[in-house]
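Q: Whole structure, please, built from the sequences with the hints as guidance.
Which chain is which? The protein sequence lines are A and B, in order.
With our numbering, the residue at position 72 of the first sequence is 72, and numbering never jumps.
With our numbering, the residue at position 219 of the second sequence is 219, and numbering never jumps.
Note that these hints are calculated values from the structure, not bench results.
Keep in mind the model is a prediction, meaning the values are calculated, not measured.
Relax, there's no trap hidden among the hints.
BS3-like mimics (lysine-lysine), calculated; alpha carbons at most 27 Å apart, straight line:
1) K29/B - K2/B
2) K2/B - K4/A
3) K3/A - K2/B
4) K3/A - K29/B
5) K29/B - K4/A
Interface residues of chain A toward chain B, partial, derived using beta-carbon atoms under 10 Å:
6) E2
7) E20
8) V40
9) E43
10) I54
11) R60
12) N134
Here a beta-carbon is modelled for each residue, glycine too, at the ideal position from N, C-alpha and C.
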Amino acid sequence: MEKKSIYLSVNGARHEVHCEPRKLLSDALREDCRLTGTHVGCEHGVCGACTVLIDGRPARSCLTYAVQADEVQITTIEAVATAGRLSPLQQALHECHGLQCGFCTPGIVMTFEAYLREHPQPTEAEVREALSGNLCRCTGYQNIVRAILLAAGRMRAETAHV
Amino acid sequence: MKPAVFSYHRPRSLEEALSLLTLYGFDAKVIAGGQSLAPMMNMRFAQPAHLIDLNALPQFAGVTREGDTLAIGAMTRHHEIATSATVRAACPLLADAAATIGHYAIRQRGTLGGSLAHADPAAQMPLIASTLGARIDIAGPDGSREIPATQFLTSVMTTDLAADEIVRTVRFPALRAGERHAFEAYSRRHGDFAIAACAVTAEFAGSKFSGLRIGLGGVADVPLVLEELAAGFVGEAADTRTVARIADAVAGAIDPHDQPDISAAYRRDLVKALTARALQRVTTAVPQDS
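A: Rendered as structure tokens:
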């Protein structure tokens, strides 16, 4: 099958990728852009591990083909910490013990970086509803929920302070 | 879990999309949000030779109120439908149901037109479109045509769309003054397709039903709209006794089949419970005759 040359804009950098149309965005990010923070679990949209931001909105990178993504801005987990400083959400996950093996964590972080921007003051029930799209087999979710609520509070305080 | 080989096309206009479909016919598959098609392709249940991506057609997305009608572009994402103030005002039942589709990330990508064209019998959008009597505007090489959702959905994952046609717009009748609505669905895991779902709208004259629509998802090849059954209860008191009778009648009107994991009896019980729950919600605060 003929390969196509495309440009992917990932975390502000332009990557030239030469791939078949059937290549999943998740695989292109990992194999061609060498950004292995995006994890691949189920490859049919259920587990949420591969979630990235497409034009700021969370999306399963396993349900998007790389060739579809050459006119959008992609953000991956690698861009969430800035200048070596964890984002408030990452920091809260760390403090609350919101991860054990960490496989699901990049997808959860990307989902909730977007979710908390849209819902700065979520209830616990809303967090649990949103978290239902990310499977975690270690934690039992309790500490992830706690971390997201902690991060939401800190992000609100930060915004109020500015 | 990797898709089979395909060629990729990204048309920049409706005309280009239609000419690609005319050229490739059933060898082509249109991709909108890809939240159902991509899993099917990744698992190789679907192996289209040509993938025609509608994501470069922004004119296909958007919500417009046109008098008594709510027009929604086929490429409008579920998340926008769930959160749009225009949709909430004109078709709150649609907004409520859209908010329950899959998960937060899935709703950012999945589209109204895609869900209808995919035609999963348990999906929310086909159920709401059928229950509300939405009309589907279809573009084809010889112009456009508009048909009711119930005529559009013909069987399990099967629609009236010809190989060279595309869903363009869906027109929902806006809710009438005093109309109430409820959507209830049940699945074992949050975000899965429902085992059964029930959509209800009701209008009242004093303490009595003056209008009633009941739609069911997940119980047949297509969403079931129980028009005659619902009409039979118009004029009756909107009280708990009638609610129980309607729920019984609805459960008796369906013909579910035993499946390895879900028995027909369980699905029937579920439909009865969901219908009763939806009707209880719409009849709350309706004045009761003493």
